[in-house]
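Spelled out from the first residue to the last, the chains are:
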Amino acid sequence: MAHDGDDDGVQITCFTDVSDDVTLHFQIIRLHKQIYAWIGCNSAKFGHLYAAAPTQPNNVVGVTSILGGASDNTGSSIARRLVLKTGLNIILACNIPKNSPMLEAGAEKKLVQKLISLGYTRPKSEGLSS
Amino acid sequence: MGSSVSPSFPVPHKKLSLDIKGNKTDVVICSYDDHFLIIATQIGTMGTILHARKEEGVTIQPTFNVSVIFGKRDEPMLVACARQLIEQISSSGSSRPLVLSLGLKDHSAETLKGIVSAVIENRLW
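Listed in order, the protein sequences are those of chains L and P.
The numbers in the numbering used here rise by one with no breaks, and the one at position 42 of the first sequence is 42.
The numbers in the numbering used here rise by one with no breaks, and the one at position 105 of the second sequence is 105.
One or more hints might be untrue.
What the hints assert, rightly or not - Okay, the calculated beta carbon distance ranges per label pair:
no.: 1; chain 1: L; residue 1: N73; chain 2: P; residue 2: N65; range: 21 to 27 Å
no.: 2; chain 1: P; residue 1: Q61; chain 2: L; residue 2: R122; range: 45 to 51 Å
no.: 3; chain 1: L; residue 1: G9; chain 2: P; residue 2: A109; range: 21 to 27 Å
no.: 4; chain 1: L; residue 1: K33; chain 2: P; residue 2: A109; range: 25 to 31 Å
Hints in this document: simulated from the structure, not taken from any laboratory.
Even glycine gets a Cβ: it sits at the ideal position worked out from N, Cα and C.
Okay, chain L solo, but in the shape it has when bound (with noise of 0.2 Å):
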């Protein structure tokens, strides 16, 4: 895993894994109040992009489609469940196919997983509830 930044600037964080014949790539920038991650299926290409954010009330989220995901919308229940675990702003980036529903599931905990470990999620994240 590599891990790019300062304290007190922005902080990069990339990382692979492969496990049954997919290879998922991670990107985690973070910045002071929004977070942008990205999400590569065996391919370093771009795909969709997301924003999500909690919403008043606090245990409602609020997501968006903001390039690629018309008819498509892998990636924007990660982004918002992103939200719903971290209590965090999200801009997700993410080209898994459609249709994996396995694979979003498996690429989404390991991208949890990793920004708790990083420290970066709110300390009532699991006060949203789902």
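Got chain L; can you put chain P on it based on the hints?
Only chain P this time, still in chain L's reference frame:
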């Protein structure tokens, strides 16, 4: 489950920080297979996100399509910044589109020029 011993991560990136008119500006440049991503922020978020691409066409002069895909749609300086950068990318021989995120405290010409120069100096194309 395992983690790979990959030769190198497939998305190269560069990160830098500079001062523009007294505002600390963080810039990140990433090169994906089919896009460039540039983030320039002074406010701790990605701010307004723009998409810029070269149009396929039959004329010798390339044309560019630049649009705001998230955020402020009434700041022409942001669009101008994206246009400058996609022109630079295109004239260097790449036809990859650009996703540009600008989270800025001011939208003056000086600030945007500072960002464009910093990105060009650290370009990945």
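Right, here's what the structure says about each hint:
1. About 24 Å separates the C-beta atoms of N73 (chain L) and N65 (chain P), a value consistent with the hinted range of 21 to 27 Å.
2. For Q61 (chain P) and R122 (chain L), the Cβ-Cβ distance of about 50 Å falls inside the hinted range of 45 to 51 Å, so the restraint holds.
3. Judged by the Cβ atoms, the range 21 to 27 Å given for G9 (chain L) and A109 (chain P) holds: they are separated by roughly 26 Å.
4. Remark: the range hint 25 to 31 Å for K33 (chain L) to A109 (chain P) is upheld by a beta-carbon distance near 26 Å.
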